[in-house]
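**Student:** Okay, here's what each chain looks like letter by letter:
2 protein chains.
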Amino acid sequence: MLSKKPQGVLCDISGVLKNSVNRVDVAIEKSVEAFQRLQESGIPYVLCTNESCYTTEAMAKKLNRIGFNVSADKIISPVSVIVQVIKENNNRPYVLVNEKVADEFAQFDQTNPDIVVVGDAEDDFTYEAMNRTFRLLVGGERKFYCLGKSKYYLDSGVLKLEVGCFIAGLEYSSQVQAEICGKPSSAFFNLAAKMLGLSPSDVVMIGDDIDSDVGGAMNAGCQGILVKTGKYREKDAHHPTVKPTLIADNVYHAIDVILSTK
Amino acid sequence: MLSKKPQGVLCDISGVLKNSVNRVDVAIEKSVEAFQRLQESGIPYVLCTNESCYTTEAMAKKLNRIGFNVSADKIISPVSVIVQVIKENNNRPYVLVNEKVADEFAQFDQTNPDIVVVGDAEDDFTYEAMNRTFRLLVGGERKFYCLGKSKYYLDSGVLKLEVGCFIAGLEYSSQVQAEICGKPSSAFFNLAAKMLGLSPSDVVMIGDDIDSDVGGAMNAGCQGILVKTGKYREKDAHHPTVKPTLIADNVYHAIDVILSTK
Numbered sequence: 003m004l005s006k007k008p009q010g011v012l013c014d015i016s017g018v019l020k021n022s023v024n025r026v027d028v029a030i031e032k033s034v035e036a037f038q039r040l041q042e043s044g045i046p047y048v049l050c051t052n053e054s055c056y057t058t059e060a061m062a063k064k065l066n067r068i069g070f071n072v073s074a075d076k077i078i079s080p081v082s083v084i085v086q087v088i089k090e091n092n093n094r095p096y097v098l099v100n101e102k103v104a105d106e107f108a109q110f111d112q113t114n115p116d117i118v119v120v121g122d123a124e125d126d127f128t129y130e131a132m133n134r135t136f137r138l139l140v141g142g143e144r145k146f147y148c149l150g151k152s153k154y155y156l157d158s159g160v161l162k163l164e165v166g167c168f169i170a171g172l173e174y175s176s177q178v179q180a181e182i183c184g185k186p187s188s189a190f191f192n193l194a195a196k197m198l199g200l201s202p203s204d205v206v207m208i209g210d211d212i213d214s215d216v217g218g219a220m221n222a223g224c225q226g227i228l229v230k231t232g233k234y235r236e237k238d239a240h241h242p243t244v245k246p247t248l249i250a251d252n253v254y255h256a257i258d259v260i261l262s263t264k
Numbered sequence: 003m004l005s006k007k008p009q010g011v012l013c014d015i016s017g018v019l020k021n022s023v024n025r026v027d028v029a030i031e032k033s034v035e036a037f038q039r040l041q042e043s044g045i046p047y048v049l050c051t052n053e054s055c056y057t058t059e060a061m062a063k064k065l066n067r068i069g070f071n072v073s074a075d076k077i078i079s080p081v082s083v084i085v086q087v088i089k090e091n092n093n094r095p096y097v098l099v100n101e102k103v104a105d106e107f108a109q110f111d112q113t114n115p116d117i118v119v120v121g122d123a124e125d126d127f128t129y130e131a132m133n134r135t136f137r138l139l140v141g142g143e144r145k146f147y148c149l150g151k152s153k154y155y156l157d158s159g160v161l162k163l164e165v166g167c168f169i170a171g172l173e174y175s176s177q178v179q180a181e182i183c184g185k186p187s188s189a190f191f192n193l194a195a196k197m198l199g200l201s202p203s204d205v206v207m208i209g210d211d212i213d214s215d216v217g218g219a220m221n222a223g224c225q226g227i228l229v230k231t232g233k234y235r236e237k238d239a240h241h242p243t244v245k246p247t248l249i250a251d252n253v254y255h256a257i258d259v260i261l262s263t264k
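Top line first, the protein sequences correspond to chains A and B.
Taking the numbering used here, the leading residue of the first sequence gets 3, the next gets one more, and so forth.
Taking the numbering used here, the leading residue of the second sequence gets 3, the next gets one more, and so forth.
Treat the hints with care, as some may be off.
All copies of an identical chain are treated as equivalent in the list; a pair is satisfied when it fits inside any one copy or across any two copies.
[What the hints assert, rightly or not] Computed cross-link-like contacts, DSS-like style, restricted to lysine-lysine with a CA-CA straight-line distance of at most 30 Å: (1) K145 to K162; (2) K196 to K145; (3) K196 to K32; (4) K162 to K102; (5) K151 to K162.
Derived by calculation from the structure, the hints in this document are not laboratory data.
Turn these sequences into a full structure, and let the hints guide you.
**Tutor:** Structure representation (structure tokens):
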């Protein structure tokens, strides 16, 4: 049961609306229907992803290809957060990110950088690029932002290093800690609520990751619904510190409860 | 004052026998003379370096070019330690090291590797090489050795990342901790003493690094002399936990005390 009627909904994408099976997107059962019910209800929503290798436009296209009807301006990602931060502070970023999202930073002056932004640059993590990044960090004069800190991922049956490996290395050598722009940081959920013109306490987050989605959102003051799809495992329901406001079988059930709460 | 007459001497190279000034080796004042006195005394010695970008042959040549008279078999480095470990355990190593020392591993079968060895590979730290290394580590079935864990170094006025950055990243993503083959590990000092046919308690280590040289050697059971050359700073003499057996002005003074101890 929710503690109060949410005025807005934040919803994770992977593991809640869709899964990736052998790199092919597949809508989770009844998720297209659930999402349509949410849209028809008029309750404002934002889709919240930690994906930093696709632009929000590309994410919207991926969803629409499998039956959803969503526009890019309804999706936020770690890139959205850092772009917002840069605009608010008028920063000149040094950027080492995946080439698929590099264009998002083209709008900013990148000369004489005053902050450092590192995302999942994959093949662009060369020794030379790591050195360039390190030299800007060492001494601690610039703030260090990362677009995630995951350890690795499975790509077509092969394990590949994620950005976390390179962030941890840069943190070790520069002795500067990175601030994570994605979930579970409160900055992420605050921005998502702000996009809806609401405060965190007025929104609910739906996610399959007990720490990153539910724990992060609840830390920021939101309600949190854990769904039993995607990466959900039985033990997540008995997490030592994160107690979801509600555990739902799937996003259909979650949205049903949200809409029927008075 | 030393607590007993050492039967053998371990001596650091950089900062004790020589400094590098703009990448040029320069013998430290009276170090050539001191080293000659040690050799003439007949007390057995080993030079102990953490250098993993040069073979012991190349290190000997560098020293002899500035007035010393030393042979490669009197020098041990992290590569010497790991080569010894591999021989003793009959390992098949996967090796990601600097091209300048790669030949030292050519003697070993590197197919179907059962241990992972990472040194300062510099430009060879590509995303692909990091992934290959990571895949062998994740799961924790193979022991992980590193040839050092320094954060960075100064190369002709420019800071460059050292192996520690990449080790820390691989440790973070694989959740496997690396064992350091160089100083300050006890394995290093044990091997050095063994080369002299002595036990650690019978040898003294001379170094300019309070932690890596003096702390490491004393942990292994050796006596430790800190010299006030190289990277020595005033605060090192007041280290919270490492109390050198003796603090000497330089290697000449250190060897003078060793030779005159009854």
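**Student:** For a quick check of understanding: which of the numbered hints are violated here, in increasing order?
**Tutor:** Violated: none.
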